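Asker: The primary structure of each chain is shown beneath.
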Amino acid sequence: MVRVAVAHAAAQHIAQSHGIEILHIKGPALDPEITWEGREGTDADVLLRASEAPAFVEALAQSGWRLRSRFENSSAFEHSATLWHDLWGYVDVHRLFPGIGIDPDAAFERLWSDHTETLIAEVRCPVPSLPGQILLVLLHAAREGGSPRSLRDVSSAWESATPKQKAAVVELVDELRASVAFAAATGTLDEYRDARDYDLWAVSLRGGTRLQEWRARIKAAPTRRDALRLALRAVLVNTDHLAMIRGHQPSRTEVVVEFFARPVRGVTETWRARRGRQARP
Amino acid sequence: MNTHLRRPGRVATVPGLPDEDGIPSRYVALLPNGPMIVIAGTAALIWEETDTGEEATLPARVAARLGNSVAATEIDADVRGFVDQLVSSGFLERYDAASEN
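Those sequence lines, one after another, are chains A and B.
What the first sequence shows, in the numbering used here, is residues -3 to 277, in sequence order.
What the second sequence shows, in the numbering used here, is residues 62 to 162, in sequence order.
Source of the hints: derived by calculation from the structure; they are not laboratory data.
Treat the hints loosely; a few may be bogus.
Distance windows between CB atoms, simulated [said to hold, decoys possible]: (1) Arg221/A x Arg67/B: 51 to 57 Å; (2) Leu83/A x Arg67/B: 20 to 26 Å; (3) Gly15/A x Gly83/B: 40 to 46 Å; (4) Pro96/B x Asp222/A: 42 to 48 Å; (5) Gln146/B x Arg221/A: 55 to 61 Å; (6) Asp157/B x Glu29/A: 39 to 45 Å; (7) Thr113/B x Arg173/A: 47 to 53 Å; (8) Pro144/A x Gln146/B: 45 to 51 Å; (9) Asp157/B x Gly34/A: 41 to 47 Å.
Everything numeric in this text was worked out from a predicted model, so none of it was measured.
Glycine included, C-beta positions come from ideal geometry on N, C-alpha and C.
Using the sequences and the hints, build the whole thing.
Answerer: The following block contains the structure:
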């Protein structure tokens, strides 16, 4: 917890000295009212304008942080870059927040417009308003596939919220066009079966094979061009993820081996999923 | 001159666990790149008292926190030496309260 708190403070210091506005999200940035005792994070999460993300990553790199995972390799949503500092550990830089449908910079402006501040490691850190924090907790929980931790997050942030707070969150959901992910978090996803990103949230929430995830990503792409780009990327190897698993940058041979292993894993997962369905009475 | 001490903007601090005397330790980090130190025991008491008044009266305030079981004059050199270390390492800075009001 000490390290995560100081990582937030360090990120804030760097952002401020480079004139970049960031919002601290999750972990120690959360209002105690919407989190629960004993919930501990392993990294410091910050959100900023997508247009300023490359400059901020560069600023962090100048202060001793090393890039561990690029935006493109973070998740099905390509939302964050992960950096490591030998003293402060991990920071996750979010250029967008999965589940929010409007333009990422416009979403940041909206969240920034009514932000407040909290002290983290005695450094003043900007954080979203309380409804903004509740919404981000819910959207994050929707991605965690109904894990015990995410269920508890939903319970603390949403079920314990007052009617007035809930109304403010719902208003924000509309403004940010976050209805599908919000529904995934609050148990009403099936009301959005016709939505373009329904499959993506269904896979995030209920699990699925790699193949299903890629299909859902392509279906959720806002334009045909994005869909094509994703379809082409689906066959590439995530070298950042591979480096984390192996503990070193993968060699050419390992990339080649992984290139062949991935489709096999995708097939195996699909096969297992089908076999599981058939075995069920 | 009315010299006070304060934590510079580039210093982050997080409370740590208490020692056997019940005095909470404190992690103090220099941003953005370190180092981070842990201040424990009576050193943590001195840290807590640094920004509560004039630097000149700091040994007396620390002595009071120790229940006046020691005299301010007895700990004066140690307290000042510790504060000088913190200032020279960048964890604290001196300022003239009169000129900032």
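Asker: Checking each numbered hint in turn, tell me which of them this model violates, lowest number first.
Answerer: none
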